[in-house]
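The hints should help you fit chain B onto chain A, whose structure is shown.
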Amino acid sequence: MKRFNPAAPVEWTVDQGLIIEEGDRSVYERIAARADLEPGSQQLLVGGIGSGKTTELWLAVRWLGRQGKTVPFFIDITEMTDLSQLNSGALLAALGLQMAATVETRTAGQAVSGEALAAIRQVKALAYGRHSLFDWVPELLPSDVFGRIPRPGKLPPRFPPSDRDVKELRAALDTLARAVLAPGEEVVAIFDGLDRLMTAERFRTVVEQDFQALREMQISVVAAAPLSVLIGPGREVADHFDVVHHLPAAVADPKRSGFLRRILERRGISDLLAVDSADELCRASGGVLRDLMSLVRNAAEDAYLDGQDTIQETHVAGSAKRLGQSYLLGLGPKQGTVLRNLRGGGSFSPDDPMHLELLLSRRVLEYRPDRYEVHPALAPLL
Amino acid sequence: MREPRVDAGVLGRGAAWDLACRIELRGDEPAGLFLLRRPQEDVPDFVSDLAAELRLRRRGELRIFDGGGSTVTAVICGISEQAADAVLVHGLEAWGEEEWRALDLNRAKLDRRGPIIFLLSADAVDRFFRYAPNLRSWLGGGLYEAASDPGLLSDAERQQRLQQLADQYQMTDEQVVEGAKRGTLPPAPEFAEWLVLLGQGELVGR
Numbered sequence: 001m002k003r004f005n006p007a008a009p010v011e012w013t014v015d016q017g018l019i020i021e022e023g024d025r026s027v028y029e030r031i032a033a034r035a036d037l038e039p040g041s042q043q044l045l046v047g048g049i050g051s052g053k054t055t056e057l058w059l060a061v062r063w064l065g066r067q068g069k070t071v072p073f074f075i076d077i078t079e080m081t082d083l084s085q086l087n088s089g090a091l092l093a094a095l096g097l098q099m100a101a102t103v104e105t106r107t108a109g110q111a112v113s114g115e116a117l118a119a120i121r122q123v124k125a126l127a128y129g130r131h132s133l134f135d136w137v138p139e140l141l142p143s144d145v146f147g148r149i150p151r152p153g154k155l156p157p158r159f160p161p162s163d164r165d166v167k168e169l170r171a172a173l174d175t176l177a178r179a180v181l182a183p184g185e186e187v188v189a190i191f192d193g194l195d196r197l198m199t200a201e202r203f204r205t206v207v208e209q210d211f212q213a214l215r216e217m218q219i220s221v222v223a224a225a226p227l228s229v230l231i232g233p234g235r236e237v238a239d240h241f242d243v244v245h246h247l248p249a250a251v252a253d254p255k256r257s258g259f260l261r262r263i264l265e266r267r268g269i270s271d272l273l274a275v276d277s278a279d280e281l282c283r284a285s286g287g288v289l290r291d292l293m294s295l296v297r298n299a300a301e302d303a304y305l306d307g308q309d310t311i312q313e314t315h316v317a318g319s320a321k322r323l324g325q326s327y328l329l330g331l332g333p334k335q336g337t338v339l340r341n342l343r344g345g346g347s348f349s350p351d352d353p354m355h356l357e358l359l360l361s362r363r364v365l366e367y368r369p370d371r372y373e374v375h376p377a378l379a380p381l382l
Numbered sequence: 001m002r003e004p005r006v007d008a009g010v011l012g013r014g015a016a017w018d019l020a021c022r023i024e025l026r027g028d029e030p031a032g033l034f035l036l037r038r039p040q041e042d043v044p045d046f047v048s049d050l051a052a053e054l055r056l057r058r059r060g061e062l063r064i065f066d067g068g069g070s071t072v073t074a075v076i077c078g079i080s081e082q083a084a085d086a087v088l089v090h091g092l093e094a095w096g097e098e099e100w101r102a103l104d105l106n107r108a109k110l111d112r113r114g115p116i117i118f119l120l121s122a123d124a125v126d127r128f129f130r131y132a133p134n135l136r137s138w139l140g141g142g143l144y145e146a147a148s149d150p151g152l153l154s155d156a157e158r159q160q161r162l163q164q165l166a167d168q169y170q171m172t173d174e175q176v177v178e179g180a181k182r183g184t185l186p187p188a189p190e191f192a193e194w195l196v197l198l199g200q201g202e203l204v205g206r
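Chains as they are written, first to last, in our numbering: chain A, 1 to 382; chain B, 1 to 206.
Careful: at least some of the hints might be erroneous.
Here are some chain A residues the structure puts well away from chain B; computed CB gaps all over 12 Å [to be verified]:
#, residue
1, Lys2
2, Ser84
3, Gln98
4, Val275
5, Gly324
6, Gly344
Label-pair ranges, simulated between beta-carbon atoms [claimed, not checked]:
#, chain 1, residue 1, chain 2, residue 2, range
7, A, Lys69, B, Gly96, 41 to 51 Å
8, A, Lys2, B, Gly96, 29 to 39 Å
9, B, Glu93, A, Lys69, 14 to 24 Å
10, A, Glu208, B, Tyr169, 56 to 66 Å
11, B, Glu24, A, Ser270, 20 to 30 Å
12, A, Gly114, B, Ala108, 50 to 60 Å
13, B, Glu97, A, Lys2, 31 to 41 Å
14, A, Tyr367, B, Glu97, 28 to 38 Å
15, A, Pro9, B, Glu93, 25 to 35 Å
16, A, Asp15, B, Glu97, 33 to 43 Å
17, B, Gln160, A, Asp306, 17 to 27 Å
Simulated from the structure, these hints should not be mistaken for lab results.
These numbers come from a predicted model, not from an experiment.
Ideal Cβ placement from N, Cα and C applies to all residues, glycine included.
One chain only, chain A, in its complex shape:
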């Protein structure tokens, strides 16, 4: 069942060969090639929750690694700090920590240059906060404070906010880049997790200063970004980046595309199904890849609890209903009206904040070109 775990680590999924590429939807080669060919370029990968952005970014890292002309750093910022308190400098600090780790690994057992060592210390101090006595106010502290060793918390504290720190980080990164890179190599920074900053304005506020510094350093940047960067009132934010790649919901109708079905088959769906209900699973997912995995896993668990060896049609229907209910809960009356209207062929305008919220929460799915539909698991429950 691990093959249908919607929370399975992407590295594992890629290593197991479970990824299926769809020609015009998969963008990682285009992303990687541009990052490779244009140092300092800045690209965004935009898509809804569960659309497969992390997989594409991870594939881009692998592609770049195979070319051997760049040193790609994959940074899931959500694993490194509290995203709700992210400040300018955080992305530089996160990249600096990864570069520092690479320098330490590559020079294991050898002497690190004094310059690189100072840069590593600088990055760590700026990322995790300084603990030198000069940063404290001695007169306010008890006399026994000297000699205390600060204990790190369970979560890293906030990354530094000031412009001065951004400048210091940039200088440290320059030094680390010289230590990491072989002649002719370039750094590519790939940031995952920034798409959780749902609004375009919040996204821009967080990345603006850091991305500017990275551009000046000729470091190529690729970042996951929320749909609101491309759709809705905040879409002018997209103009600040060289390319914005869109990863829409996949075509869910098996008659129009075999993509989702091929994903299921690669993962061995035929061993699990009593009758061929793969098409029903594809349709109910609406083309949201994570939902597709959830549908299969829940149906398989339901079958097991029913004492069945294989998934029956009733389990597929039950799983789809349960997914739809998870989209139904939390809806307000006005949102319900908008959804029913859209289901009946009415208009939908992402420039309206309430409509945009429905899109960002995946109750409404975006398909190319400019086509919006209520999530098919939710539609029958409205």
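This is chain B only, laid out in the frame that chain A set:
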């Protein structure tokens, strides 16, 4: 809009039976999130009853984490204290938009091997789905309705669990009741469960 009537996956064979089976089925892979909607009525000893049944039905550790009055960071830290055990998180009924959105932003910090079971009131479930779209995506369809009596243990099952506890702590039922009356029991949650199984739930917390 009509008030939506949502038939969550009702745990018909005891409130924890399905949940425990699903957790077992997921084996060593990251087990993900579960959401359990607690009954509307105030049921005494509900959390400890539920925990008792979960412990009976599945292998491995189950930890109860009361998030009442805790910040988002404290809840994340509490859940992350261990990586592999199952955590039953309750007490988040006071959380509003700000807290759920903050937890949602930090979903990656809940990525652990053991399952996380959020036990929430109906209103809190509604806020979860309204303000935490990333967590919802991770949850898939993992919402379940807890029956008001989660402890539908047969007598044989109850005796089996009591024997497990006696073996684990090398104590008799009488010693546990006496310890509870004197307030000398260790603070482990299993003792609350033990007392509930003995029908002495009123001694919990003395």
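Let me make sure I understand: some of the numbered hints might not hold for this structure. Which ones are they, in numerical order? 1, 2, 5, 9, 12
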